[in-house]
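Chains as they are written, first to last, in our numbering: chain A, 933 to 1087; chain B, 415 to 533.
Since the hints were made in silico from the structure, they are not lab data.
Incorrect hints may have been included.
[As the list claims (entries may be wrong)] Footprint (simulated), chain A over chain B, 3 or more residues, beta carbon under 8 Å: (1) 428-436; (2) 449-457.
[What the hints assert, rightly or not] 27 Å max Cα-Cα, derived DSSO-like pairs, lysine-lysine: (3) B:Lys437 x A:Lys962; (4) A:Lys1004 x B:Lys438; (5) B:Lys460 x B:Lys490; (6) A:Lys962 x B:Lys490; (7) B:Lys532 x B:Lys438; (8) B:Lys488 x B:Lys522; (9) B:Lys490 x B:Lys522; (10) B:Lys532 x B:Lys510; (11) B:Lys490 x A:Lys1004; (12) B:Lys510 x B:Lys488; (13) A:Lys1004 x A:Lys962; (14) B:Lys488 x B:Lys437.
[As the list claims (entries may be wrong)] Part of the chain A face toward chain B, derived, beta carbon under 8 Å: (15) Leu960; (16) His964; (17) Glu980; (18) Arg982; (19) Phe985; (20) Asp1006; (21) Val1055; (22) Leu1057.
Since the model is a prediction, treat every value here as computed from it, not as a measurement.
All C-beta atoms, glycine included, are put in the ideal place defined by N, C-alpha and C.
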Amino acid sequence: MSPSQYQGYPMSSVEPIWSIDRVLPSDLDKGHAVIEELMAALESAGWEGRDVFHIQMAIEEAVVNAIEHGNKRDPSKDFHIVFKVARELAELTVTDQGEGFDHRHLKDPTEDDHLDQPRGRGVMLIRELMSEACYNEKGNSVWMLKRRSPAEEEG
Amino acid sequence: MATYRRITLTENGGVTVVRFIDKKIVDSGTIEQLGDELKALVETDKRNMILLNFEGVEFMSSAALNKLISLNSKVKGAAGRLKLCTLRSEILEVFKLTRLDRVFDIRKTEEDALAAFKL
């Protein structure tokens, strides 16, 4: 599948220092390998501390969700990752080939009845840790943005 | 006794203190193996007073959190006690965001946590 066959959110107009646009098979090892690449690029661009942690957490959730829930680990299905890093912004879109999900009516994992459930926190973490995040209508593509924290707030 | 490759164990006053070998608990294979080892602590080795010391752990994904939740259920089922300590501030933040700080007894240091077992 070529990237042009995927539809995600329009990316911002910020000129990136580094970017990646890649289609990968539904393989967790390959997913984690590309995340390592993204994190190295972030740190090379001068990002550090809590921001890096937040971005890594959100990327992990998005990629694992795409592979495990979106594509159901089907080796015949791919996921598309687009990542741009600028000095003050990092932007990510992850799109899978699954049927999507109803992201508007998720159970709240922080409610007392759900606290001891071992799943269901990924979408919430993406929304809480990134500056902005949203899913497309179908629910098979997530876009997220992180604005770099002022220096005095880090660490 | 079970074999442990992702964790190390020490005993302190009847409490099994668990430390993690991996600085980043994110790889799916690592997480699955870690989950199996934590489960074996309770089911195979019958430990039910467990302290998870996260010193040195820099990152853990929500899949790893899920394994901790499963461990908590097992320890409770065995009428045991589970505490966590020495969480990096960013990881503690995730526990607070997810309200898992209400599920787990989290202490700042190993000393604090061990003292809490005596209460």
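So, going through the hints one by one against the coordinates:
no.: 1; hint: 428-436; in the structure: violated (count 0)
no.: 2; hint: 449-457; in the structure: violated (count 0)
no.: 3; hint: B:Lys437 x A:Lys962; in the structure: 20 Å, holds
no.: 4; hint: A:Lys1004 x B:Lys438; in the structure: 25 Å, holds
no.: 5; hint: B:Lys460 x B:Lys490; in the structure: 12 Å, holds
no.: 6; hint: A:Lys962 x B:Lys490; in the structure: 36 Å, violated
no.: 7; hint: B:Lys532 x B:Lys438; in the structure: 31 Å, violated
no.: 8; hint: B:Lys488 x B:Lys522; in the structure: 23 Å, holds
no.: 9; hint: B:Lys490 x B:Lys522; in the structure: 22 Å, holds
no.: 10; hint: B:Lys532 x B:Lys510; in the structure: 25 Å, holds
no.: 11; hint: B:Lys490 x A:Lys1004; in the structure: 32 Å, violated
no.: 12; hint: B:Lys510 x B:Lys488; in the structure: 22 Å, holds
no.: 13; hint: A:Lys1004 x A:Lys962; in the structure: 15 Å, holds
no.: 14; hint: B:Lys488 x B:Lys437; in the structure: 25 Å, holds
no.: 15; hint: Leu960; in the structure: 4 Å, holds
no.: 16; hint: His964; in the structure: 6 Å, holds
no.: 17; hint: Glu980; in the structure: 12 Å, violated
no.: 18; hint: Arg982; in the structure: 6 Å, holds
no.: 19; hint: Phe985; in the structure: 4 Å, holds
no.: 20; hint: Asp1006; in the structure: 16 Å, violated
no.: 21; hint: Val1055; in the structure: 10 Å, violated
no.: 22; hint: Leu1057; in the structure: 6 Å, holds
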